[in-house]
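Peer 1: Residue numbering for the first sequence follows my numbering, beginning at 1 and increasing consecutively.
Think of the hints as simulated: they come from the structure by calculation, not from any bench. Please read these numbers as outputs of a predicted model, since none were measured by experiment. A few of these clues could be false.
Unchecked claim - Pairs of lysine-lysine residues, derived as DSSO-like cross-links and limited to a Cα-Cα distance of at most 27 Å, are as follows:
{"id": "1", "residue 1": "Lys272", "residue 2": "Lys295"}
{"id": "2", "residue 1": "Lys272", "residue 2": "Lys239"}
{"id": "3", "residue 1": "Lys377", "residue 2": "Lys239"}
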Amino acid sequence: MTPAALAELVRTTAVDVLSARGVDTSVLPETVTVERPRNPEHGDYATNLAMQVGKRAGVAPRELAGWLAESLAQRDEISSAEVAGPGFLNLRLAADAQGAIVRDVLTRAEEFGSGDLYAGLRVNLEFVSANPTGPIHLGGTRWAAVGDALGRILRAQGAEVTREYYFNDAGAQIDRFVRSLVAAARGEEVPEDGYGGAYVAEIASEVLRREPGALDLPEAERDEVFRRIGVGLMFDEIKRSLHEFRTDFDVFFHEDSLHSSGAVTECLEQLKESGSLYHAEGAWWLRSTEFGDDKDRVVVKSDGAPAYIAGDIAYLRDKRERGFQLCLYMLGADHHGYIPRLKAAAAAMGDDPDSVEVLIGQLVNLVRHGEPVRMSKRAGTVVTLEDLVEAVGVDAARYSLVRSSVDSPVDIDLDLISKHTNENPVFYVQYAHARLSSLQRNAASLGIARGGVTEADLGLLTHEREGDLIRTLGEFPRVVRSAAELREPHRVARYLEELATAYHRFYDSCRVLQPGDDQPGPLTIARLQLCEATRQVLANGLSLLGVSAPQQM
RNA sequence: GCCCUCGUAGCUCAGACGGAUAGAGCAAGAGACUUCUAAUCUCUAGGUCGCAGGUUCGAAUCCUGCCGGGGGCGCCA
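Work the whole structure out from these sequences, hints included.
Peer 2: Now the structure itself:
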């Protein structure tokens, strides 16, 4: 019996009990929650329902809990129901009812953990969107790992997710990039406000290889050559490194296209006419103060040129026209000031501001010898996605970036992380999967068939560690659901660590394959199925994080 | 100055919607390998949940005010 089924049973029981005593059942919440108590003495599951509704029902919590316990204890699925503390109801499941979780996992297989929370919802998920003036740095790498995982998690809840990367390839930073390329090609120093680093020189020389006479062209033409080829090479580089990081996008959107297509102009005209922008001091303004901004923001400058934010508005309009119901943005903490502007932009176009959701993540700090390391774009001392992958590999890099809440800053210590210590919990989780895979191989080589889901007596799984493991498996669907609801992929990682622990503990206490036992008993079959269910959930969870589930290590 | 965010064990961090004695990993100490993979497991030690009030049966969690770290406050992009 799954936690969800148990919660439903508690609720229907509460309805019966209350109405039998003449108490108004409308005091009951829509959904009852059952949680797993930390202390095993408090049962397999516990509910605080009686305390929640006791006052409103006019019944003492302990008394109400007692009524529930009496009724629930008569169910076959429940082995015990006790009142504790101020009105907790502690429940234990009968072994065979609990074992049904294993059957559920094996039946749904890859689908176990999925849900329909966002069935059919069209979601645009924009993340990374780093400027195409250099390689992806550590901060962008974090968004790549977290955003990709979030996309997978939302899809697991039925959402139709489009992953999108916005290239800011219009404006001054591209000019600076081009100037840096030209300077490098001419062997000059990095210009003021320019970009340094080996990649600039590499791209510059590649431009020269393709257009050997580029430096002899008139300045405007020369810059255009470096812009066209150099920025293109940078795009390719970014896409390639992200792809190798297993983060692929459905759409790479170019800011420049919004300007060249006239979309920005068209959008601005429309907003001016509809009165969504107001004219003052020679400029056109967006009412971002209505969404908590310090001041309204200029959209069209007094010289008639669009401000940067105009591109954002036109881009949002483009997303809306493509039919997205929810636009998610993942931005670094240094961009949190964008939230009111984006909300205001949505409102200006007549959309619900809640259709725009901005997730703010803390930055990644680089540490060496316990001291913070300053990274400088100009000096080219930025640590990149590729540096990190080279040091620890894709799995460890992704996992270590996704297992923390984005609300907390992450320190990356290069000395530590390049040691290949197993301090990284990804190995712990992957090892559990490898162990389980090995176990299934061994069973197969011994000629032991695991059997179908109806061929095991899962009620034999009565060992304490077996119960813990099964109940942990049962948590997976609600972990995925809450990760999706809260946009917090790290919950899946933390869960996997908990599941791996439960499995390793089980493995330590419960022998699965009996040596010399060519006639596997029913307990062996039941345990094999439990193991396969565990392997399946580990694989499903790792898949949501974009981390591999190795067959052996 | 205003806004956002964080503050939990020596270190890195979990603890959404208020629940029972606040957890994990690493580091420290002591144990368990003729192994179904020891990248594992068991035990010990480690805490003023930044501080002070408030809300209530109950607060790490919610509210207010301080303290401290990080970030943001352009007709730049």
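Peer 1: Which numbered hints are broken by the structure, listed smallest first?
Peer 2: 2
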